[in-house]
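Now for the letters of each chain:
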Amino acid sequence: MSAPFPSDLLVILRHGSHGTNWLREGLDAALVAAAFGRGVSLLFMGEGVTALLRDQQVGPLGQKGTSATLEMLAMYDIETLLVEEAALERFGLTAADLMLPVRLLSAEAIAAQPGAHRLVLTF
Amino acid sequence: MSAPFPSDLLVILRHGSHGTNWLREGLDAALVAAAFGRGVSLLFMGEGVTALLRDQQVGPLGQKGTSATLEMLAMYDIETLLVEEAALERFGLTAADLMLPVRLLSAEAIAAQPGAHRLVLTF
Amino acid sequence: MLLHILNRSPATSRVYQQALVSMAPEDRLLLIEDGVQGALPQLVRYFDGLQGRLFALREDLVARGLEGRCEASVQVVDVDGFVALTEEAERTVSWY
Amino acid sequence: MLLHILNRSPATSRVYQQALVSMAPEDRLLLIEDGVQGALPQLVRYFDGLQGRLFALREDLVARGLEGRCEASVQVVDVDGFVALTEEAERTVSWY
Amino acid sequence: MRYAILLLGAPYSCQASHSALRFARALVDRGHRLETVFFYHDGVHNAARLAAPPQDEPHLVDAWVALSTEHGTALQVCIAAALRRGLLDAREAARHGKQGHSVEAPFELTGLGQLVDLGLSCDRLVTFGP
Amino acid sequence: MRYAILLLGAPYSCQASHSALRFARALVDRGHRLETVFFYHDGVHNAARLAAPPQDEPHLVDAWVALSTEHGTALQVCIAAALRRGLLDAREAARHGKQGHSVEAPFELTGLGQLVDLGLSCDRLVTFGP
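Residue numbers (the numbering used here), protein chains in the order written: chain A, 1 to 123; chain B, 1001 to 1123; chain C, 2001 to 2096; chain D, 3001 to 3096; chain E, 4001 to 4130; chain F, 5001 to 5130.
No lab work stands behind these hints: they were computed from the structure. On a predicted model such as this, the values are computed, not experimentally measured, just so you know. Hints should not be assumed to be uniformly reliable.
[To be verified] Lysine-lysine pairs mimicking DSSO-like chemistry, simulated, CA-CA at most 30 Å apart:
| hint | chain 1 | residue 1 | chain 2 | residue 2 |
| --- | --- | --- | --- | --- |
| 1 | E | Lys-4098 | F | Lys-5098 |
| 2 | F | Lys-5098 | A | Lys-64 |
| 3 | E | Lys-4098 | B | Lys-1064 |
[What the hints assert, rightly or not] A few chain A residues that face chain D, going by a derived Cβ cut-off under 8 Å, partial list only:
| hint | residue |
| --- | --- |
| 4 | Gly-46 |
| 5 | Gln-63 |
| 6 | Ala-109 |
| 7 | Ile-110 |
| 8 | Pro-114 |
Backbone N, C-alpha and C define an ideal beta-carbon position, used for all residues, glycine too.
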């Protein structure tokens, strides 16, 4: 990966599953970019941290949710999963509650992310 | 007007003009109800209090805004304009900043409103 | 007695404040959709004063992996119980 | 230097917190649409620490009757100035 | 009891349609009658006859049609909200000089006055917002 | 500079379309080139060819078409987001066995990969959300 950018694309995910379609449409953008060979980092902020909770189920009427998509991230070489640590704490959660290994970021570390990617998409 | 309801319909308006279509579509519901002879009260809460600010203009591309509609309320016999006093304060505004005469409601008075109308619509 | 229905999380939206201000002392509040996040121990404090009148929808908790994480004071109801709550209330008011 | 763009009011949405957390020390913040409410003296405190880096879009202030009500520390720009801000910034990040 | 539902959210954008359908079925199961679902604001997109969701997702437009067929529930769409959002039945399309239409029966375009009547005449009106 | 706009909000529901059009015109006036407007999430509704807004409101679909005609800006609509929301061009309508269509040129249905390419190839990508 060439300096100074750790990866091409930062996708910021700020919504949980089920309540809205933002998480799914944000993940779709990330997967497409990865499929086209771009380096992709995901940053889960605010309510977005709940997207990673274990034991999610299908929604009403069989609405499929996003857990299955999240489990495919590694297959697409999306391995940089960044999580806003303060948001996890706000929900009373820890990294052990999440379905995938993540890197917890302090506020200072988050402020450095948008400048470290060539493109930032917020969902 | 027959007891125990001061009017048939309470329309709660929680958005300002221009940013979204909620205010307009809420006002449309109020006007239609009034045109059909229903008694209508409007309650402006939260950001909705900014809908009543003086000196609003058309938006980008000539988007017409809602001031003209608000000025028609009296013609439709919609004269009960309730305003969340705490919200006005949060924006640093007073009743003198508003384009129409209103009744300021304390939190306690607001809590009594939904129960005092036969139908409550939230926009 | 009215049933107020809230579908947004107090962690992201301030609309819960509007719901609280608009509730009479006997009114009930049901958390649905993303609103069920408010049943988590860290967030339930936003609903102080609603003891015995605060409900959360089971199906939305389950879908989000939150079913086992609710504060005990929140009464969990399924969608059949949601309908029952609307039967018992004179009318409903939705906050979104 | 990046330009962050915020279109929601701090009086209704907590998304301004996400924008603030994500800003590097030299980044700028432009308030547009309902976000311009944040330029009011009562609300500008949410943006403490952005002195000299906080902007608001004139057209959206005018449409809302807020043009004469802004805190003096907020730099008011028209849409041409908005484009200029995007030219000066390496890239933009939108918060909504 | 006689129920009505007011739906303000678009399908495939927020959960409101799912929640409303789930609630609709539950109230019918409890022996109530669902008179009408009224679609307003972005809820009018629930009437989009051309919606083609992925096969592994529920087809929400079809689900409303099935509900209407099974229980005689009226599906009323606010005409003003629909027109500006591109949802026209054949009659409105002709009236506006457009080829083709995007809404068809059992969805019916109607005035907002219907919503107020519904809210005042039914025993319960439950709103699902975005 | 070469600009692209990502539009995520529906017309007649939020200001995003107005803001994006206003910004689009201003950047062209400053001598920049607007390569593409990409419509995603609820922004796909900007391509609704049947939209019939009241005559005293701006016609946003027509405004996009005018922008494209005057400045050669491509109007790209995410196909997956469009299909589930009922926005199909003639080809997709045929492929899904539907009569009629709701999207036409100069709007073009395209893959999400285009958005990523745009974002990485243009000098500036500016997003307008709801």
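Status of the hints after comparison with the structure:
1. E/Lys-4098 / F/Lys-5098: Roughly 18 Å between the alpha carbons, so the hint for E/Lys-4098 and F/Lys-5098 holds.
2. F/Lys-5098 / A/Lys-64: holds (25 Å)
3. E/Lys-4098 / B/Lys-1064: holds (25 Å)
4. Gly-46: With a minimum Cβ separation of about 6 Å from chain D (threshold 8 Å), the hint on A/Gly-46 holds.
5. Gln-63: Status violated, d = 24 Å.
6. Ala-109: Violated - the Cβ of A/Ala-109 stays beyond 8 Å from chain D, reaching only about 10 Å at its closest.
7. Ile-110: OK, holds: A/Ile-110 within 8 Å of chain D, min 5 Å.
8. Pro-114: holds (5 Å)
When held up to the earlier numbered hints, the structure conflicts with 5, 6 and fits the remainder.
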